[in-house]
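Undergrad: Sequence:
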Amino acid sequence: MALQIYNTLTGNKEEFVPVEPGRVKMYVCGITVYDLCHIGHARSAIVFDVICRFLTSLGYQVFYVRNFTDIDDKILRRAAAEGVDYRRVSERFIRAFHEDMQSLGLLPPALEPLATEHIPEMIEIVRRLVEKGVAYKAGTDVYFGVELFSGYGKLSGRELEDMVAGARVEVDENKRNPMDFVLWKGSKPGEPAWESPWGPGRPGWHIECSAMARKYLGAPFDIHGGGKDLVFPHHENEIAQAEAAFDAPFARYWVHNGFVNIDNEKMSKSLGNFITIRDVLDSVHPESLRLFVISKHYRSPVDFSDETVGEAERGLERLYSTLEAATQRSANGRNDDYPDEILKKQDVELFEKLESLPALFSEAMNNDFNTAQAVGYIFALQRNLQRFLDKFGRKNLKGPCARLAALSADCLQKHCQVMGLLMVDPEVFFERQRTLKLKTTGMSEDEVRDLIERRHKARIEKDFAEADRIRKQLEEKRIQLEDFPEGTKWRVGLQP
RNA sequence: GGCGGCAUACCCAAGUGGCAAGGGAGCGGUCUGCAAAACCGUUAUACAGCGGUUCAAAUCCGCUUGCCGCCUCCA
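Here the first sequence stands for residues 98 to 593, where the numbers follow our numbering.
Hints are computed from structural coordinates only; laboratory data are not their basis.
Note that the Cβ used here is the ideal one computed from N, Cα and C, for glycine as well.
Treat the hints with caution; some may be incorrect.
[To be verified] Quick list of simulated restraints, FRET-style, between CB atoms:
(1) R411 x T237: 27 to 35 Å
(2) D379 x G230: 35 to 43 Å
(3) G369 x A99: 40 to 48 Å
(4) E408 x D522: 21 to 29 Å
[Unchecked claim] Here are the simulated DSS-like pairs of lysine-lysine, each with C-alpha atoms no more than 25 Å apart in a straight line:
(5) K574 x K534
(6) K559 x K569
(7) K574 x K536
Build out the structure end to end from the sequences listed, making use of the hints.
TA: What follows is the structure in C-alpha cells.
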C-alpha cells in the first residue's frame with residue numbers, strides 16, 4: 098500500500114504524491130522564541146521527526162524547513178520586562194530550543210530560517226496583496242481583507258459569517274471586517290522597525306511562514322505541518338496570503354498533530370499548566386519520552402503524567418534489554434549464513450515474526466503514520482525474540498540459532514530506528530538510565546557500589562540475613578538488585 | 001452560538017464490515033539461597049447508551065449521554 102496521509106485541507110486520508118518524484122519538501126511551523134519549550138512542542142517536534150525519518154526510509158530525499166518567529170509582541174513584551182534588546186531574548190530562546198531539540202535526539206532540519214532575515218520577502222508579498230486590492234492600509238497598519246479572498250476558511254472548514262457570529266473577535270476600528278488580520282504593523286516609538294512602502298513597521302504574525310516557505314520550497318510544496326492549534330488562524334491566514342499574492346496553490350498536504358494534555362486539559366502557556374522539555378528530560382530518557390509520544394496516533398490528544406511516561410519507559414527498557422541480550426549472546430555465529438528453512442526450524446514463530454515485520458511495519462506507517470500500531474508489531478517481535486533467548490537459559494547461542502537471534506535483533510533495531518528509538522548502544526542506555534534515576538533517590542553511585550560489595554561478601558559467607566538486609570535497604574531507595582553469574586547489576590525503579 | 005474530535009479491559013492504546021494488536025499493572029506458576037528481570041498461563045461473549053442498514057458492525061447511518069478542542073496568543 099502506498100503512503101496515505103490525512104490532509105486537514107480535505108478532511109480525508111489521501112495517497113501521498115510528491116510534487117517532484119523522489120523528493121519531499123516539508124515546512125513545519127517552529128516556535129515563537131519568547132520562552133522555554135514545553136512538552137507540547139516536544140510532541141510536535143517528535144512527530145515530524147518520525148515523519149521525516151520514515152519518508153527518508155522510503156527513499157525520499159526530504160528537504161525539511163522549520164522556522165523561528167523571532168519578532169512578535171510577546172518577544173517585545175519580554176524584552177521590555179527584562180529591559181533588554183528583543184534580539185537578546187530571541188537569541189537566548191533559540192539557543193535553548195536547539196539544546197532541547199538536541200537532547201530529544203531530533204534530526205536537525207535542513208534549514209531553520211529566521212523571520213527577521215526575510216523582511217524584504219514579506220514586504221514583497223504585502224506589496225502584491227495591496228496592489229491586487231486584497232489588502233488595505235488603515236492607519237499605520239496594513240490588513241488582509243478576508244472577504245476578498247474566496248478561499249478563506251477552506252483549511253479550518255468554517256464560514257466567515259459563523260466566525261464573526263462567534264463574537265470573540267477583538268474590536269478594532271481599523272478593520273473593515275473583524276476577521277481581517279494584520280500583515281504589516283506600523284511601529285510605535287521605541288519598537289524595532291523596518292522600512293517599508295507603508296512606513297516603518299514590522300511584519301504581522303502569519304506572513305513570515307508564507308514568505309519563507311515559498312522562498313525555500315517553491316509553490317506548491319508537499320507537506321506543511323504544525324500543531325492542531327495552528328490550523329486557525331495561523332495556517333488559514335498563511336494560505337490566504339500566499340495564494341492571493343501568487344495565484345498559486347500554497348501547500349498540498351496539511352498535517353497537524355494533537356495536543357498534549359495534563360489531567361485531560363490542554364497544556365498551554367496561557368493556561369500556565371505546562372511542563373518544560375528540560376524539566377522532563379532531567380529525569381526521563383529522551384527515548385522514553387519519544388516512545389510515549391509515538392505509542393499514540395499523532396492526531397489524537399495524549400495525556401501526560403508520570404505514570405503514562407513511566408509505562409513507556411518500562412517498555413523501552415524491555416526493548417533495550419532484549420536487544421542487549423540478543424546481541425551479546427549471538428556474537429558467535431551472527432555472520433554465518435544459513436538457508437531460510439534451517440533458520441525457520443530453530444523457531445517457527447520467531448522466524449515468521451521476523452519475516453513479516455517489514456511489511457507490517459510499512460503498512461502501519463503508510464497508513465497515516467500509525468506509529469502506535471507499528472510499535473505493537475515491534476513488541477510482538479521483541480517478545481518472540483526474548484522467548485527464544487530464554488529457551489537457552491543463560492547460554493550463548495551458536496550456529497543457526499545465533500544467526501536467527503542476530504537477524505531478529507537487527508530487524509528490531511532497524512525498525513525502531515526509523516522512529517528514532519534504540520539509537521544508542523544498550524550499555525550506554527542503561528548507564529544513562531541509572532544516572533538519571535539515581536538523582537531521584539538521593540544516593541550516590543559509590544554508596545550503591547559499596548553496599549553491593551558488602552552484600553557480595555555476606556553472600557559468600559552465606560550470611561543471607563545480612564545480604565537480604567542490604568537488599569531491603571536499597572529497595573527502600575527504589576534501587577533493585579539483579580544477581581547474575583558474572584556479578585550484581587542494579588537499576589532504579591519508578592517513582593511511586 | 002458556529003465548527004470539529006473523542007468514548008475499546010484496572011490503566012495506556014491499535015483496530016473504518018468477517019473470530020478484539022500491543023504496552024503497563026494485577027494474579028498463579030517456572031527460575032532464584034531470597035529477590036529482580038525474563039518466560040509460561042491468566043485478566044473485554046465484548047468495544048458509552050438506544051435504534052437502524054447488512055448474511056455479518058467496535059467498525060456504516062440516526063438519535064441520546066459524557067468528555068475535549070478550535071472560533072483570542074498557543075505545538
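Undergrad: Is 35 to 43 Å a correct range for the gap between the Cβ atoms of D379 and G230?
TA: violated, 54 Å
Undergrad: Given the hinted pair K559 and K569, is their alpha-carbon gap at most 25 Å?
TA: Given pair K559, K569 holds - Cα atoms ~17 Å apart, limit 25 Å.
Undergrad: Check the following: the C-beta atoms of R411 and T237 are separated by a distance inside 27 to 35 Å.
TA: violated, 58 Å
Undergrad: If you check the beta carbons of G369 and A99, does the distance land in 40 to 48 Å?
TA: Given about 44 Å between the Cβ atoms, the range holds.
Undergrad: Need the status of pair K574, K534: alpha-carbon distance at most 25 Å?
TA: holds, 11 Å
Undergrad: Between the beta carbons of E408 and D522, is the distance compatible with 21 to 29 Å?
TA: holds, 24 Å
Undergrad: Sort out whether K536 lies within 25 Å of K574, counting only the CA atoms.
TA: Since the Cα atoms of K574 and K536 sit roughly 11 Å apart, the hinted pair holds (cutoff 25 Å).
Hints 1, 2 from the earlier list are contradicted by this structure; the remaining hints agree with it.
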